[in-house]
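Q: Take a look at the letters that make up each chain.
There are 2 protein chains.
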Amino acid sequence: MIVGGKAIAEEIRFELKNEIQAREHAPRLDIILAGDDPASAAYVKRKQVFGKSIGAEVVVHETSEDAYPDSIALIAFIKDIVQNPATDGIIVQLPLPESLRTHTRSVLDAVPPEKDVDCLSSGALERFASRESDIRPPSVGVVDEIFRRHSVDIRGKKIALVGATGGLVGRPLALWFSSRGIPFSAVNTKTPPVQMREILKNADIVISGVGKAGLITADMVKAGVIAIDAGTSSSFGTLRGDMDPAIALKAELFTPVPGGVGPITVAMLFRNLLALANKSKGSP
Amino acid sequence: MIVGGKAIAEEIRFELKNEIQAREHAPRLDIILAGDDPASAAYVKRKQVFGKSIGAEVVVHETSEDAYPDSIALIAFIKDIVQNPATDGIIVQLPLPESLRTHTRSVLDAVPPEKDVDCLSSGALERFASRESDIRPPSVGVVDEIFRRHSVDIRGKKIALVGATGGLVGRPLALWFSSRGIPFSAVNTKTPPVQMREILKNADIVISGVGKAGLITADMVKAGVIAIDAGTSSSFGTLRGDMDPAIALKAELFTPVPGGVGPITVAMLFRNLLALANKSKGSP
Numbered sequence: 001m002i003v004g005g006k007a008i009a010e011e012i013r014f015e016l017k018n019e020i021q022a023r024e025h026a027p028r029l030d031i032i033l034a035g036d037d038p039a040s041a042a043y044v045k046r047k048q049v050f051g052k053s054i055g056a057e058v059v060v061h062e063t064s065e066d067a068y069p070d071s072i073a074l075i076a077f078i079k080d081i082v083q084n085p086a087t088d089g090i091i092v093q094l095p096l097p098e099s100l101r102t103h104t105r106s107v108l109d110a111v112p113p114e115k116d117v118d119c120l121s122s123g124a125l126e127r128f129a130s131r132e133s134d135i136r137p138p139s140v141g142v143v144d145e146i147f148r149r150h151s152v153d154i155r156g157k158k159i160a161l162v163g164a165t166g167g168l169v170g171r172p173l174a175l176w177f178s179s180r181g182i183p184f185s186a187v188n189t190k191t192p193p194v195q196m197r198e199i200l201k202n203a204d205i206v207i208s209g210v211g212k213a214g215l216i217t218a219d220m221v222k223a224g225v226i227a228i229d230a231g232t233s234s235s236f237g238t239l240r241g242d243m244d245p246a247i248a249l250k251a252e253l254f255t256p257v258p259g260g261v262g263p264i265t266v267a268m269l270f271r272n273l274l275a276l277a278n279k280s281k282g283s284p
Numbered sequence: 001m002i003v004g005g006k007a008i009a010e011e012i013r014f015e016l017k018n019e020i021q022a023r024e025h026a027p028r029l030d031i032i033l034a035g036d037d038p039a040s041a042a043y044v045k046r047k048q049v050f051g052k053s054i055g056a057e058v059v060v061h062e063t064s065e066d067a068y069p070d071s072i073a074l075i076a077f078i079k080d081i082v083q084n085p086a087t088d089g090i091i092v093q094l095p096l097p098e099s100l101r102t103h104t105r106s107v108l109d110a111v112p113p114e115k116d117v118d119c120l121s122s123g124a125l126e127r128f129a130s131r132e133s134d135i136r137p138p139s140v141g142v143v144d145e146i147f148r149r150h151s152v153d154i155r156g157k158k159i160a161l162v163g164a165t166g167g168l169v170g171r172p173l174a175l176w177f178s179s180r181g182i183p184f185s186a187v188n189t190k191t192p193p194v195q196m197r198e199i200l201k202n203a204d205i206v207i208s209g210v211g212k213a214g215l216i217t218a219d220m221v222k223a224g225v226i227a228i229d230a231g232t233s234s235s236f237g238t239l240r241g242d243m244d245p246a247i248a249l250k251a252e253l254f255t256p257v258p259g260g261v262g263p264i265t266v267a268m269l270f271r272n273l274l275a276l277a278n279k280s281k282g283s284p
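First to last, the sequence lines map onto chains U and Y. If you're matching positions, the first sequence starts at 1 in this note's numbering and goes up one per residue. If you're matching positions, the second sequence starts at 1 in this note's numbering and goes up one per residue.
These are calculated hints, taken from the structure and not from any lab test. Treat the hints with caution; some may be incorrect.
[To be verified] Only pairs whose alpha carbons sit at most 30 Å apart, straight line, appear in this in silico DSSO-like list of lysine-lysine:
| no. | chain 1 | residue 1 | chain 2 | residue 2 |
| --- | --- | --- | --- | --- |
| 1 | U | 222 | Y | 201 |
| 2 | Y | 158 | U | 250 |
| 3 | Y | 190 | U | 222 |
| 4 | U | 52 | U | 279 |
| 5 | U | 190 | Y | 201 |
| 6 | Y | 158 | U | 212 |
| 7 | Y | 201 | U | 158 |
| 8 | Y | 201 | U | 201 |
| 9 | Y | 222 | U | 158 |
| 10 | U | 201 | Y | 222 |
| 11 | U | 222 | Y | 157 |
In isolation and in its complexed conformation, chain U is listed as follows (with noise of 0.2 Å):
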């Protein structure tokens, strides 16, 4: 079967759009665009589309590697923009540009927990690791949402983690799965073939996040796996996952690219918007 992502990312649109408008006030997410990576601004771009039909308002900073230079005045920047109490929730587009790469995790740490709502602050992922928080990485409530909605039981089944040391979606599902104490077999692009082959064709749910366009053949996976594609890349224009298309024909449940993951990805950083607003300022 294969994952309407965009289906169910329009059913939380719906529940998220009625929800904002039983309240006093539209929740506000600022997001940071530093650099002009263009596939960086199309993403923006669906998130504030995604926020504005929901009636939530989207404000975008964008600002030009020039204006940063380093990291300490970018991080003075999202400091500013922490203070203001009418922002309810922040995102810094990710990547950073190539001068300020390095210092990725200083920059998202000036974020605090109270409005992260990529949840990949420091604070932030540690409140969820250690179950403090019900604020999750997107990543981790779209699979989550995907599992809940097809009926995948974990418990018991073997999972593949590809990239599970990504910032973005495998080190946040590999806190997740530890936090609940389910165990799972972390490989990457430099697991040698032989020993990726066999715990792929072992796995019956293989999750993957590394963004590298035909990474999973087919052949590499058992008939009727759960197939999680959250890798994304794009070549001549067009956007790809890290799994063969064909995975489709032979697995349980497969999330194409695009249409699986990313669209339910956008979703879940506004329901956590929500609830970091509601948290801040009460629910209506």
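Starting from the known structure of chain U, fit chain Y onto it as the hints suggest.
A: Frame of chain U; chain Y shown alone:
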């Protein structure tokens, strides 16, 4: 075979002592000991004794919980030490007192990678994970040292990492394996026993860093296993590892607690200190 951690630490101690004697200045380590945990005080004492024996300067800053009631005050205190040009390396002794524990990440991140002997700050971990730095978390150095000395080739081996998201052992090792494409199975204390047993029984190498005595019993591992016990807990003043000592009887290689991983860890800290000192001030 039982790994003689003390003997290995002695050899490294001798090497480091010679290196320091050939230098113009003794390297200086500052240790911040917040609170009054007796186990932490004992660990700090061991570091002092080791440092003194190789001719390093070790300055311990004991701070009471009252003096640093919040993490902001403690971070300011650490940043003062960071500014001191005489300091080559800094250790914040963990665990922090209960009242500061949720701020562990931001306290650790107050130490810049250039002075981070423990390699536990986000910046240092990221440099390590992206292989930009030869400074490694001590637990990684220890495991690598043991594997090198006992000619353990981990390629192609099935590795189980028990406590894979733990800050001191699990996460650094997970990053180390991932940075080299070595797959591993991540389990922890919450993993259902059936799955835990299946994964451990199949593992050629088991590394545990939980700190729960008797977590892994001899019947859970296979004959000929390489068993690295990096977990410590104390029970009525006796130091115990995660693994039942009886595992030594069926293991190809086994690290006892005490006397295995522990002594080598201290030696690794000072190897890092010397490497950091050489970088900042130039080797002799």
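Q: If you test the structure against every hint from before, which numbers come out violated?
A: No hint contradicted; all consistent.
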